[in-house]
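> So the sequence lines, in the order shown, correspond to chains A and B. If you read the first sequence in the numbering used here, its first letter stands for residue 1, the second for the next number, and so on. If you read the second sequence in the numbering used here, its first letter stands for residue 1, the second for the next number, and so on.
Since the hints were made in silico from the structure, they are not lab data. Do not take every clue at face value.
[Unchecked claim] Under the rule of at most 30 Å between Cα atoms (straight-line distance), these lysine-lysine pairs were calculated in the DSSO-like manner:
| hint | chain 1 | residue 1 | chain 2 | residue 2 |
| --- | --- | --- | --- | --- |
| 1 | A | K21 | B | K62 |
| 2 | A | K134 | B | K80 |
| 3 | B | K5 | A | K39 |
| 4 | A | K51 | A | K39 |
| 5 | A | K130 | A | K120 |
| 6 | B | K94 | A | K162 |
| 7 | A | K39 | B | K56 |
| 8 | A | K21 | B | K5 |
| 9 | A | K120 | B | K56 |
| 10 | A | K114 | A | K99 |
| 11 | A | K130 | B | K19 |
| 12 | B | K94 | A | K134 |
[Said to hold, decoys possible] The following label-pair restraints were derived from C-beta to C-beta distances:
| hint | chain 1 | residue 1 | chain 2 | residue 2 | range |
| --- | --- | --- | --- | --- | --- |
| 13 | B | I23 | A | K138 | 43 to 51 Å |
| 14 | A | I174 | B | E52 | 51 to 59 Å |
| 15 | A | G98 | B | Y124 | 30 to 38 Å |
| 16 | B | M79 | A | G132 | 46 to 54 Å |
| 17 | B | T14 | A | N56 | 34 to 42 Å |
| 18 | A | N56 | B | N21 | 30 to 38 Å |
| 19 | B | E106 | A | N48 | 21 to 29 Å |
| 20 | A | D2 | B | P41 | 38 to 46 Å |
| 21 | A | N56 | B | D116 | 31 to 39 Å |
Just so it is clear, CB atoms sit at the ideal spot from N, CA and C, and this is done for glycine as well.
Given next are the chains, with one letter for each unit.
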Amino acid sequence: MDKSNVKGFLEFVYDFYRSMKAHEITLVYEGEITHQITKAFTSLTESNMAKESEANSVQKKVFHVMVECLQNISKHADSFGSDDFLFAGRGIFMVSKGKNDYHVTTGNVIENDKIEELTKMLNQINTLDKEGLKQLYKSQMKEGRLSEKGGAGLGFIDIARKTGNKLEFYFLPIDEGSSFFLLTSSISRNA
Amino acid sequence: MEVIKIKGTDDTPTIILDKNNGIFEISGRSLPEDVSTFYEPILNWLDDYQEEANDKTAFAFKLVYFNTASSKLILDILMKLEEMHESGKEVLIKWFYPEDDEDMEEAGEEYADIVDIPFEQISYTL
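This is chain B alone, in the form it adopts within the complex:
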């Protein structure tokens, strides 16, 4: 499968989707000018990946900021992972948040409530 590697900017996140090396990661800041266009290739990639998913997928979110428009797209990504989990694959969400960032921690808890996937909250020091 094709590897997606997008280098982050001050308004778009860094994204790595690499099936062979088992790296699935979104990090940085997300407030793209057009959220739907920005995340479309990611959602398409996940659709393809679902067809031939690894036995285990650990998907890491390490965002420091996202706007409300991005929050909806993050949920779309999580829902695709939920489908994968429902179809019998092992999926783990790793939600990283800066240790002093209660909002980001709470955002993770909220997503964990909405989607039914194993969810791990991990704090880190910036």
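Chain A with its partners taken away, still in its complex shape:
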């Protein structure tokens, strides 16, 4: 980088910082989601919430949602582009804290042929009330075998149950084979 590029880059860093503040983002990460990362992020967020005397039940919900979201990426994110620089199990992970809610947001690449099934699953979850979600969770746990990757298909249902809110999701096309899958969950701070 020559001098003007350095300045441009540093200005970008400042803009980035300001957008993070504007969107009340307390944690953002892009990269491979490992078990170590999951542990580090959850314990960091836990200790921040404890410091801010967030209600116990809110802390637990945020923890639950974070774990399931992180595990979704690590188990289900598809690879994109050259294997040299982008791999499966990667994605963007964000936690933001507003006046009334926490938001946990994930984004990762998925193959287009999975979109239909995923959309169906998420829409089904969003139509269910508390009791319906409970029944679905129970039947999935009973019937669903653990997939090779260890996912039990229960994560999304659990997020919907713990938050009591609909799952907001969105697919952005990348190319003819893959899309970017975004999912955001909100947890009310008014326990």
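We have chain A; now place chain B onto it with these hints.
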């Protein structure tokens, strides 16, 4: 029979399976990196125990957190205990939950609905 004693960590539970002293207990937090590998020895142990089970088995769950992947394995454990119960042994599940933790209480109720074993819900203060 061999005694299983696993000391818990921040992502794996404490587990004690001790036939001679009649202690069967899983407690703490469960979100292991690989749930199947972590719980495999427990399920294998229960298979062996089933062959020579004590007349009475009181199995305690005292978890404060488990992820969805663990929830399936907990059900696998309960189903083994259900088989034992069906084969005529006395089995009791003691499901402990922190008194202010409705989710953990409800999780116990759900398991009690799924498996057909005497199930006792016990609240405690953290």
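> Are the hints correct? Go through all of them and say.
Outcome of the hint check:
{"no.": "1", "hint": "A:K21 with B:K62", "result": "violated, 40 Å"}
{"no.": "2", "hint": "A:K134 with B:K80", "result": "holds, 23 Å"}
{"no.": "3", "hint": "B:K5 with A:K39", "result": "holds, 24 Å"}
{"no.": "4", "hint": "A:K51 with A:K39", "result": "holds, 18 Å"}
{"no.": "5", "hint": "A:K130 with A:K120", "result": "holds, 19 Å"}
{"no.": "6", "hint": "B:K94 with A:K162", "result": "holds, 24 Å"}
{"no.": "7", "hint": "A:K39 with B:K56", "result": "violated, 38 Å"}
{"no.": "8", "hint": "A:K21 with B:K5", "result": "violated, 47 Å"}
{"no.": "9", "hint": "A:K120 with B:K56", "result": "violated, 46 Å"}
{"no.": "10", "hint": "A:K114 with A:K99", "result": "violated, 35 Å"}
{"no.": "11", "hint": "A:K130 with B:K19", "result": "violated, 40 Å"}
{"no.": "12", "hint": "B:K94 with A:K134", "result": "holds, 22 Å"}
{"no.": "13", "hint": "B:I23 with A:K138: 43 to 51 Å", "result": "violated, 29 Å"}
{"no.": "14", "hint": "A:I174 with B:E52: 51 to 59 Å", "result": "holds, 57 Å"}
{"no.": "15", "hint": "A:G98 with B:Y124: 30 to 38 Å", "result": "holds, 34 Å"}
{"no.": "16", "hint": "B:M79 with A:G132: 46 to 54 Å", "result": "violated, 24 Å"}
{"no.": "17", "hint": "B:T14 with A:N56: 34 to 42 Å", "result": "violated, 22 Å"}
{"no.": "18", "hint": "A:N56 with B:N21: 30 to 38 Å", "result": "holds, 34 Å"}
{"no.": "19", "hint": "B:E106 with A:N48: 21 to 29 Å", "result": "holds, 27 Å"}
{"no.": "20", "hint": "A:D2 with B:P41: 38 to 46 Å", "result": "violated, 60 Å"}
{"no.": "21", "hint": "A:N56 with B:D116: 31 to 39 Å", "result": "holds, 33 Å"}
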